[in-house]
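*Asks:* This is what each chain is made of:
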Amino acid sequence: MMNDINGTDQPPILSIENLSIAYDKDKFVVKNVSATITKNAITAIMGPSGCGKTTLLRAINRMHELYPNISTQGGIKLFDENIYDMSTITLRRKVGMVFQRPNPFPTLSIYENVIAGYKLNGIRLKRHERDEIVETSLRDVTLWEEVKGALHKKGTFLSGGQQQRLCIARALAFKPDVILLDEPTSALDPVATAKVEDLLVELKKQYTIILVTHNMSQAARISDNSMFMYLGELIEYEDTKTIFTKPKDPRTEGYLTGKFG
Amino acid sequence: MDQTNELLVDKRTLLLQDHSVRRKVKDRLFLGTVIFFSLITISFVFLIIGSCVLKGYHQINWAFFTQSAPDTFTAMMAKSSGQIIPGGIVNGILGSLYLVALASLIAIPFGVLIGIYLYENSKNRYAGFIRDITDVLQGVPSIVVGLIVYLWVVVHITHGYSVLAGSVALALMMLPLIIRSTEESMKMIPDSLKEAAIALGTPYYKVIFRVLIPTSFSGLMTGILLAISRILGETAPLMLTTLGNPAINWSLTKPVSAVPLLVWQFYNDPNMVDLIWSSTLFLMGFVLILNLLSKWITARRNA
Chain A
1062 MMNDINGTDQ PPILSIENLS IAYDKDKFVV KNVSATITKN AITAIMGPSG CGKTTLLRAI
1122 NRMHELYPNI STQGGIKLFD ENIYDMSTIT LRRKVGMVFQ RPNPFPTLSI YENVIAGYKL
1182 NGIRLKRHER DEIVETSLRD VTLWEEVKGA LHKKGTFLSG GQQQRLCIAR ALAFKPDVIL
1242 LDEPTSALDP VATAKVEDLL VELKKQYTII LVTHNMSQAA RISDNSMFMY LGELIEYEDT
1302 KTIFTKPKDP RTEGYLTGKF G
Chain B
2 MDQTNELLVD KRTLLLQDHS VRRKVKDRLF LGTVIFFSLI TISFVFLIIG SCVLKGYHQI
62 NWAFFTQSAP DTFTAMMAKS SGQIIPGGIV NGILGSLYLV ALASLIAIPF GVLIGIYLYE
122 NSKNRYAGFI RDITDVLQGV PSIVVGLIVY LWVVVHITHG YSVLAGSVAL ALMMLPLIIR
182 STEESMKMIP DSLKEAAIAL GTPYYKVIFR VLIPTSFSGL MTGILLAISR ILGETAPLML
242 TTLGNPAINW SLTKPVSAVP LLVWQFYNDP NMVDLIWSST LFLMGFVLIL NLLSKWITAR
302 RNA
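Chains as they are written, first to last, in my numbering: chain A, 1062 to 1322; chain B, 2 to 304.
I should point out that these hints are in silico values taken from the structure, not numbers from a laboratory.
Quick caveat: nothing in here was measured; it's all calculated off a predicted structure.
Heads up, the beta-carbon is just placed ideally off N, CA and C, and yes, glycines get one too.
Treat the hints loosely; a few may be bogus.
Said to hold, decoys possible - Quick look at which bits of chain A chain B covers, simulated, 3 or more residues with Cβ under 8 Å: (1) 1143 to 1156; (2) 1266 to 1278.
Claimed, not checked - Ranges of calculated distance between the beta carbons of each label pair, as one might list FRET restraints: (3) 1276/A x 20/B: 49 to 59 Å; (4) 1214/A x 137/B: 25 to 35 Å; (5) 1214/A x 23/B: 32 to 42 Å; (6) 301/B x 1162/A: 52 to 62 Å; (7) 1315/A x 192/B: 58 to 68 Å; (8) 1197/A x 43/B: 54 to 64 Å; (9) 1203/A x 192/B: 49 to 59 Å; (10) 138/B x 1252/A: 49 to 59 Å; (11) 193/B x 1252/A: 48 to 58 Å; (12) 297/B x 1095/A: 38 to 48 Å; (13) 1203/A x 110/B: 58 to 68 Å; (14) 188/B x 1095/A: 33 to 43 Å; (15) 1197/A x 301/B: 29 to 39 Å.
Unchecked claim - Here are the simulated PhoX-like pairs of lysine-lysine, each with C-alpha atoms no more than 25 Å apart in a straight line: (16) 1209/A x 1100/A; (17) 1088/A x 124/B; (18) 1180/A x 25/B; (19) 1187/A x 1214/A; (20) 296/B x 1236/A; (21) 1236/A x 1265/A; (22) 1214/A x 124/B; (23) 1100/A x 1086/A; (24) 1092/A x 1309/A; (25) 1100/A x 1302/A; (26) 1215/A x 27/B; (27) 1180/A x 1209/A; (28) 1180/A x 1092/A; (29) 1320/A x 1302/A; (30) 1256/A x 1209/A; (31) 1155/A x 188/B; (32) 195/B x 1215/A; (33) 1086/A x 124/B; (34) 1155/A x 207/B; (35) 1256/A x 1302/A; (36) 188/B x 1236/A; (37) 1100/A x 1256/A; (38) 1236/A x 1187/A; (39) 1100/A x 1138/A; (40) 1215/A x 1100/A.
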């Protein structure tokens, strides 16, 4: 079953095809999920704990392969190229990731953190190229004005919200096609959360964003399309307005109205 | 009815008060005991350092760090004319540094890599086996390590007591310490940091060398410094592997001296007794500095 989003004329950038993931034999955490992701939009993945939303997200840049004994069936295509045929190194440059807790590298300065992707991969850049990447990435996450005087200080001196925006800048530095965010605001206070949300809305002009969130109102506020997952299945995938106002499946309605979750 | 109730309440408060007084007394008593025993323990450290300083300081002079140990006759002559023993322990100091440097060169790369392997594959059965063997190696008496290295290196490779043999013996003693401290300090790194590096497409070996090792650097250094201070005082394995040497030696296949070996030699020579204390003082000072250094690194990490 293909879940196509109607009403948008943007071409799909990413398509998930009959994806199933099991941690142990026959213990599936993601069950036969198919979906196409719209370009330059924010797609939210919602669902109760343990529904497989983080695993699904991690499958998109193959981070889920870090777990032992994982088995994956089905496929994911990025611009019609199967990601399981790509090297993880190329894939992860095209699909960036931001985590639940801000995780800047504690040994590196703010400047080095932004270009960490290049440094760690041994890609040599000229000085002005580096400076430009750092400045545009930090401007993109609206952090530039706050840190431009302290670029060579350690990134861990920043506040939690600033650290998280620094981590987004680190993901942006590679100019990825898709950015995956795994509950990026769950460790932040409301003010920092609002900043990150505004930032994501701004970023979707240039990037395609997939966001896992526990927070329904966050999905309602900023996402264009929403997936609802339950026990590993993709129950409903619609544009956000429809899913919140006229959910088709009783389970979606139950979750959105707080009957379980 | 009411009266009995009041009486009961009264009795209970009395009981509670009684309990709290007894608790306070017990608490004081226990605290006193703990402080008493801890004072006894640390007083030994100060007694050791104090007696080394008192008995050893008058032999510490420029010659102590620049000249080799004198022969028995010179020492006897100096003592009988009421002077301090001329000469010093430079052959032992340089020998110790040489042995420790070479042992570190062998043990640190192996130890750190094995430690990282254990951390990365903590649930693997082979890793569990390695971990157990490491613990066994740590428990092997140092004289046994000396004997084995004597058989392997002294007899078969260098055909005589040598620097190489001594370093191998010391490296074997360092290995388990470094392996376990590496593993422990790697465990302190949050997984999220590793994931951050992997999500940037970083190849596995670069995650280790560019992220894990730099992040846990202070922990690794602490472990290495403690391992060095541990082997600096080893005597038994060196007796069977490098023997000692009255002169300075830089050849890998020749015997060399070390400070703890000199202490043993001075002990066996009644004319040299004064040098025991100054050598011990030097050894204690060196180990103390290494320990303080590792404490300082740990404190800076936690700051």
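*Asks:* The structure should be examined with respect to each hint, and the outcome stated for every one.
*Replies:* Here is what the structure says about each hint:
A count of 6 residues in the stretch 1143 to 1156 of chain A with a Cβ less than 8 Å from any Cβ of chain B is obtained; the coverage claim is therefore met, three being the minimum. Interface restraint, the stretch 1266 to 1278 of chain A with chain B: violated (0 residues with C-beta to C-beta distance below 8 Å; minimum three). Under the hint 49 to 59 Å, the C-beta atoms of residue 1276/A and residue 20/B, about 50 Å apart, fit the expected range. Checked against the hint of 25 to 35 Å, the C-beta distance between residue 1214/A and residue 137/B comes to roughly 46 Å, which is inconsistent with it.
Between residue 1214/A and residue 23/B the beta carbon distance is about 56 Å. The supplied range of 32 to 42 Å is therefore violated. At about 24 Å, the beta-carbon gap between residue 301/B and residue 1162/A misses the expected band of 52 to 62 Å. Separated by about 34 Å at the C-beta atoms, residue 1315/A and residue 192/B break the suggested range of 58 to 68 Å. Taking 54 to 64 Å as the suggested C-beta distance range, the pair residue 1197/A and residue 43/B conforms, at roughly 58 Å.
At about 29 Å, the beta-carbon gap between residue 1203/A and residue 192/B misses the expected band of 49 to 59 Å. A beta carbon spacing of about 54 Å between residue 138/B and residue 1252/A agrees with the range 49 to 59 Å that was offered as a hint. Restraint check, residue 193/B to residue 1252/A: a C-beta distance of roughly 23 Å breaks the suggested window 48 to 58 Å. Against the hinted window of 38 to 48 Å, the Cβ-Cβ separation of residue 297/B and residue 1095/A comes to about 58 Å, which falls outside the hint.
Residue 1203/A and residue 110/B have their C-beta atoms about 45 Å apart, which leaves the hinted 58 to 68 Å range violated. At about 40 Å, the CB distance of residue 188/B to residue 1095/A agrees with the hint of 33 to 43 Å. Under the hint 29 to 39 Å, the C-beta atoms of residue 1197/A and residue 301/B, about 35 Å apart, fit the expected range. With a C-alpha separation of about 31 Å, the suggested pair residue 1209/A and residue 1100/A falls outside the 25 Å cut-off, and the hint is violated.
Distance check on the hinted pair: residue 1088/A and residue 124/B sit about 21 Å apart at the alpha-carbon level, within 25 Å; holds. For the hint linking residue 1180/A to residue 25/B, the alpha-carbon distance of about 60 Å lies beyond 25 Å, and the restraint is violated. Taken as a hint, the residue 1187/A and residue 1214/A pair is honoured in the structure, with Cα atoms around 21 Å apart against an allowance of 25 Å. Only pairs whose Cα atoms come within 25 Å are accepted, and residue 296/B paired with residue 1236/A is rejected, the gap being roughly 43 Å.
For the suggested pair residue 1236/A and residue 1265/A, the alpha carbons sit about 13 Å apart, so the restraint of at most 25 Å is met. At roughly 37 Å between alpha-carbon atoms, residue 1214/A and residue 124/B are farther apart than 25 Å, so this suggested pair is violated. Between the alpha carbons of residue 1100/A and residue 1086/A the distance comes to roughly 34 Å, so the proposed pair goes past 25 Å and is violated. Distance hint between residue 1092/A and residue 1309/A is fulfilled; the C-alpha atoms sit about 20 Å from each other, no more than 25 Å.
Between residue 1100/A and residue 1302/A the CA atoms are separated by roughly 18 Å; this keeps the pair inside 25 Å, and the hint holds. A C-alpha spacing of about 49 Å is found between residue 1215/A and residue 27/B, which places the hinted pair above 25 Å, so the restraint is violated. Distance check on the hinted pair: residue 1180/A and residue 1209/A sit about 20 Å apart at the alpha-carbon level, within 25 Å; holds. The suggested pairing of residue 1180/A with residue 1092/A is violated, with an alpha-carbon distance near 37 Å, which exceeds 25 Å.
For the hint pairing residue 1320/A with residue 1302/A, the CA-to-CA distance comes to about 20 Å; that is within 25 Å, so the pair holds. Taking the CA atoms of residue 1256/A and residue 1209/A, the gap is near 18 Å; set against the 25 Å cutoff, the hint holds. Of the pairs offered as hints, the one joining residue 1155/A and residue 188/B is violated, with about 30 Å between alpha carbons and a cut-off of 25 Å exceeded. At most 25 Å may separate the alpha-carbon atoms for a hinted pair to count; residue 195/B and residue 1215/A meet this at roughly 18 Å.
For the hint linking residue 1086/A to residue 124/B, the alpha-carbon distance of about 19 Å falls within 25 Å, and the restraint holds. A threshold of 25 Å between alpha carbons decides the hint, and for residue 1155/A with residue 207/B the separation of about 19 Å falls inside it, so the pair holds. For the proposed pair residue 1256/A and residue 1302/A, the alpha carbon gap of about 22 Å is at most 25 Å, so the pair holds. Of the supplied pair hints, the one linking residue 188/B and residue 1236/A is violated, its CA atoms being roughly 32 Å apart against a limit of 25 Å.
Distance hint between residue 1100/A and residue 1256/A is fulfilled; the C-alpha atoms sit about 23 Å from each other, no more than 25 Å. Annotation: proposed proximity of residue 1236/A to residue 1187/A holds, straight-line Cα distance about 17 Å (limit 25 Å). Distance hint between residue 1100/A and residue 1138/A is fulfilled; the C-alpha atoms sit about 13 Å from each other, no more than 25 Å. For the given pair, residue 1215/A sits about 35 Å from residue 1100/A by alpha-carbon distance, which is inconsistent with the 25 Å threshold.
Checked against the numbered hints given earlier, this structure breaks hints 2, 4, 5, 6, 7, 9, 11, 12, 13, 16, 18, 20, 22, 23, 26, 28, 31, 36 and 40; the rest are met.
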